[in-house]
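Student: Residue strings, one per chain:
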Amino acid sequence: MIKPTVGELLGGVAISLRERVLPEIPAGVTRRQIQAAIGIIRRASLVWDKVGPYFFADNRDIEETLRRLIPVIERVTANETDADLEAVATKLRATLDRSGEQEELYPSPAVLGARNIELQEVLAELQEALHENPVAKSAGRLEIDALIRDLLRRMLARELEINSPARP
Amino acid sequence: MKEAVRDAASILRERLRDFIQAQEPEAQGIEVGNLAPLTAGNTRNAWSFDASWTEHGKARSVGCVMLRKAEAGQLETPLIPEFEVIRRLGKTGVPIPGAYWIDPEGKWLERPAFILERVAGTSDFPALMRPEGAEMSRGVAEHLVEVAAQLHTADWKSLGLDFLPATSVETAAAQQVEYWESLFRRHRLEPHPAMVGAFIWLKEHQPVADRITVVHGDFRYGNLLYEGKRINALLDWEMVHLGDPIEDLTWAYRALWTPAGVMSLEEFAQRYTKASGIPVHPDNLLFYRLFNEMKHAIISLTGAKSFHDGRTRNIVIADRAATVTSYLIQFYDWLPEVGVGKAS
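Chains as they are written, first to last, in the numbering used here: chain B, 107 to 274; chain D, 2 to 345.
In short, the hints are calculated from the structure, not lab data.
Beta carbons: idealized from backbone N, C-alpha and C, even for Gly.
All clues stand as given, with none of them false.
One side only, chain B facing chain D, incomplete, derived with CB under 7 Å:
id, residue
1, A142
2, I223
3, Q226
4, Q233
5, L258
6, R259
7, L262
Using the sequences and the accompanying hints, generate a full structural model.
Tutor: Structure (structure tokens):
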């Protein structure tokens, strides 16, 4: 079954609740609960089919950026002694080596989401390792900071489309 | 549903009567009337009621608001410091409700609760944001400057507010960052590298405060009762602490409730400095604008986690994690650029 889609169903339910049910409920706690539920159902109706592509794009961007970062990190660790950074770099390489290990041709949103968490984690650890040794920032460290910050901005822009979707 | 509310109300009326009797042992013939739930925040359930009794032959009557801890929510702060701050600040010119009684462990009122004086006015802040409310909003904003100056120049030591966690001009920012980062680590549902990066910036750029004052912590439109252009009471003190007063100014100017349409932050800061003698340094201003985006993000994450874990069934906060993205985007938009030859 393709029609109605999950999005059409949820969107219709949100409209029914807003137009038929809400007017029957007086102002107060219950009404606010129903209003909040309608907002959540409406958001789910708009993004249910976008979550998989979102994870796919996000994972690809994080992986590509981390690959670009590896030679810069190697340059930094060649010039500075930083065991934390070296340890994260090792974990980062291992994480990237697992890229494309999914067996399914079309991985489910759950599989893509699990990979997203894994990539988020190594990215967070990399930032923390850079912060752990706040030596005077070399050109290499500044380059890493700038690449990470650009990545974070792109990730947030993608996330916004899921969390605050524009109405069609 | 209405029956359930009525039953809950009659049980609560009994509990209130017993509680007030225990607090006022000389009182005779205590009556609790007009008990009704109020729309309140997501961390406290509020009820309005009137209490009357006779004491040594004299009739007494007070209008009250009971704030009772909700089930798990967005903030989980203890009631005693909040109540004590309200009680002690009542001795200053800061507009604040009178503090009557507290049941810190919920022995009488089912859950921890305290009872304050009911103050006239409305907290309707959307009315202040609408174009037709601009003149009134301008008046409220002007009074808000005065209230900020009053609060931040209150002598907290002589008021006995030194039970609040101690801080210094050098450590105030660090303590707040540490506190909110600990909540972040406890309540996040995923690693959130953008938030990790934001906390790193905050840890690397902490400004020195000009002085340590009482900081309301949720100082904004929506947390005040006003009538016309005057503020009658500053509400919701659950995030009160000692710290850098600039934190309050920047919180008041967050996009969700900012009075910038009727008074720019620059004008507010100038008026504030004139009224209080407290300078507003650009470094502190930037730091706390950024910090506050994170603070609100963590409050939202905490609410989302409470719902996710089944510790609350309040749907209003169920999807709060989705709001975090826009706060983080604001954070990164305000952040000074990094890179070779640029400020880090």
